[in-house]
Amino acid sequence: MMGSSVRQLVRQHSEIGILLIAILLVAFFSFSSFDKWANAYNLASIAQITATLGLLALGASLVMGTGEIDISVGSTFGIGALVYLGTVATIGPIPAMLLAATAGAGIGLLNGFLVTRFGISSLMLTLSTLLVFRGVAVALTEGFSFSVPYDQRSGFLYQLFGGGDFLGVNTAFWWLLLGLIVLMAFLYATPGGNRLLAVGGSVGTAHSRGIRVNRVKLRAFILCGILAALAGTLEGGKLGFADGGMGRLMELQAIAACVLGGCALLGGRVSLFGVVIGAFVLSSIQSFLVVNGVQPQWFMLLLGVIVVVAAISDRALRDWALRSR
Amino acid sequence: MSVTPMNKNAPLIEVRNLDLHFGAFHALKNVSVSFDSGQLIGLVGDNGAGKTTLIKVLSGIHKPNSGEVYFAGKRVKEFHPKLAIKFGIETIQQSVGLCDNLSIARNFYLGREPVKRWFGIPFLDFKKMRDASTKVIRTFGLRENVSADDQVEMLSGGERQSIKIGRAVEFKNRVVIMDEPTNHLSVREREHVNELAQQLRDQGLLVIYITHDIHQVHKLADRIVIMENGEKVTDVAKDEMTADELEEVIRCGGRVVDTSKEVEPS
Numbered sequence: 001m002m003g004s005s006v007r008q009l010v011r012q013h014s015e016i017g018i019l020l021i022a023i024l025l026v027a028f029f030s031f032s033s034f035d036k037w038a039n040a041y042n043l044a045s046i047a048q049i050t051a052t053l054g055l056l057a058l059g060a061s062l063v064m065g066t067g068e069i070d071i072s073v074g075s076t077f078g079i080g081a082l083v084y085l086g087t088v089a090t091i092g093p094i095p096a097m098l099l100a101a102t103a104g105a106g107i108g109l110l111n112g113f114l115v116t117r118f119g120i121s122s123l124m125l126t127l128s129t130l131l132v133f134r135g136v137a138v139a140l141t142e143g144f145s146f147s148v149p150y151d152q153r154s155g156f157l158y159q160l161f162g163g164g165d166f167l168g169v170n171t172a173f174w175w176l177l178l179g180l181i182v183l184m185a186f187l188y189a190t191p192g193g194n195r196l197l198a199v200g201g202s203v204g205t206a207h208s209r210g211i212r213v214n215r216v217k218l219r220a221f222i223l224c225g226i227l228a229a230l231a232g233t234l235e236g237g238k239l240g241f242a243d244g245g246m247g248r249l250m251e252l253q254a255i256a257a258c259v260l261g262g263c264a265l266l267g268g269r270v271s272l273f274g275v276v277i278g279a280f281v282l283s284s285i286q287s288f289l290v291v292n293g294v295q296p297q298w299f300m301l302l303l304g305v306i307v308v309v310a311a312i313s314d315r316a317l318r319d320w321a322l323r324s325r
Numbered sequence: 001m002s003v004t005p006m007n008k009n010a011p012l013i014e015v016r017n018l019d020l021h022f023g024a025f026h027a028l029k030n031v032s033v034s035f036d037s038g039q040l041i042g043l044v045g046d047n048g049a050g051k052t053t054l055i056k057v058l059s060g061i062h063k064p065n066s067g068e069v070y071f072a073g074k075r076v077k078e079f080h081p082k083l084a085i086k087f088g089i090e091t092i093q094q095s096v097g098l099c100d101n102l103s104i105a106r107n108f109y110l111g112r113e114p115v116k117r118w119f120g121i122p123f124l125d126f127k128k129m130r131d132a133s134t135k136v137i138r139t140f141g142l143r144e145n146v147s148a149d150d151q152v153e154m155l156s157g158g159e160r161q162s163i164k165i166g167r168a169v170e171f172k173n174r175v176v177i178m179d180e181p182t183n184h185l186s187v188r189e190r191e192h193v194n195e196l197a198q199q200l201r202d203q204g205l206l207v208i209y210i211t212h213d214i215h216q217v218h219k220l221a222d223r224i225v226i227m228e229n230g231e232k233v234t235d236v237a238k239d240e241m242t243a244d245e246l247e248e249v250i251r252c253g254g255r256v257v258d259t260s261k262e263v264e265p266s
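These protein sequence lines map, in sequence, to chains A and B.
Going letter by letter, the first sequence gives residues 1 to 325 in the UniProt record's numbering.
Going letter by letter, the second sequence gives residues 1 to 266 in the UniProt record's numbering.
Take these hints with a grain of salt, some might be off.
Under 10 Å between C-beta atoms, here's a sample of chain A residues computed to sit facing chain B [claimed, not checked]:
| hint | residue |
| --- | --- |
| 1 | Thr102 |
| 2 | Ala105 |
| 3 | Gly106 |
| 4 | Ser128 |
| 5 | Gly193 |
| 6 | Leu197 |
| 7 | Ser202 |
| 8 | Ala206 |
| 9 | Gly267 |
These aren't lab readings, by the way, just hints derived from the structure by calculation.
Glycine is no exception: its CB is placed at the ideal position from the N, C-alpha and C atoms.
Make the full structure from the sequences, and use the hints.
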């Protein structure tokens, strides 16, 4: 009886795997590096990294939920940061943020339109747009960086978008919480969310039930672009400057966070909460390596290994949960 | 110019000179057929005969290259499953219809979810979704321990068919198309599905039942339509031919003159 109820729990909550990993890692990091890792300053910094990566990954998970993939998010993140930083000094934080979000929506629209209109593989297409918009970012900055003068970084509105703290944590973290709540409500409790998951689960079924499949996919791409650009805005706001390389390789971390968090790569299963925990685990590992003086390139190696292990163990856990009824 | 009026006496579904190509493959060749309410039609033919293609046109999945489709006397101009569902045409297919990754309740209302608005935002009405699907689970003889919140991947083939048929009944449809509804089912489940098909007909619905098995459908149907190589080759009332005679027609490639009515000159 006990075993079957645990199975039921795992079956319905794919994020349980990542939650266990997160708990074990936090315990291990806290004990093995004493207060070097688990101190208020470092935890606040992990919260900020988790926030920007988390927002990026939340968007990517929605596209993944429809059975497509968006790996252009790293460049959209960079474009978002550059648009925000390039305009914030002249038009103010709120219009600059909206402009960045619009740019992200535009990239998402382009991705979604090309994928649904021409039936191109989203992996191939977004790989191309990843390169295209990285090129645009580098061209925009002409090899230099965009920055905001120091005297303009103290305003309340500037601090609202990643440029300051609220209750001891960077404002990006509160945006992540808000984004998570809103997206969870959308995905699990609205018809739009039900249809998004249906498209990822079975395109044929979704179509036969009268769902406009292409429209659902297009919306997911647009939402993903907006979230990526907002994540870039928050990161840009925090740093105060950005160059053309902003967000490079973030796309891999975002997809890793999705897979770690229990999203099915082929669509139909999305755990938004798991995605955020996945982003937290990746940020924690990164921070652990930094505070222990490990070279950053080891993080990339470790990231690759973690994703493979996560994919295998996720499969094993699901198989176990589905086995006996 | 006048718009075709709604005609009470018109057949519920009428197709005229339907043609459909998939690239070089000629899937439907000049098919004309009409169906009335309260009938159970056996649509029979070998693989590739065009029967599934025909019903995919009726359920809005495929758009014909030429020809006309009338629903209740009205010309159908746009083809999308959404419109077919709006007309009250429900298609029960073997391969699609339920998403494994969603719960029974979520599948039940997929595409026409009931909502409750909070501050103008439409949220799923979980109570209604759960209640309606629970009713179907109990009426249609699924296992006792199956609940509306269970994922569809937990269900057997027969239980899946029951959910699809239950959904067709629940939404007060006018046409139920069943594509090979008893494939992969146990004997008992097959009988159950066939009983349901007859019940739907008795309630005044048009039921189009597609199968290979002429003997099985001959027991149920009021009329048998046989297709072969994309053409309608036979269209008879059940009493006009026995199941064995019809089987012979299918075996001989269907080259038998339509005995039900004269072929109209086009």
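Hint check:
1. Thr102: Violated: closest Cβ of chain B sits about 23 Å from threonine 102(A), beyond 10 Å.
2. Ala105: violated (20 Å)
3. Gly106: violated (25 Å)
4. Ser128: violated (28 Å)
5. Gly193: holds (8 Å)
6. Leu197: holds (6 Å)
7. Ser202: holds (5 Å)
8. Ala206: holds (7 Å)
9. Gly267: With a closest approach of 8 Å, the glycine 267(A) hint holds.
Taken one by one, the earlier hints fail for this structure at numbers 1, 2, 3, 4, listed in ascending order.
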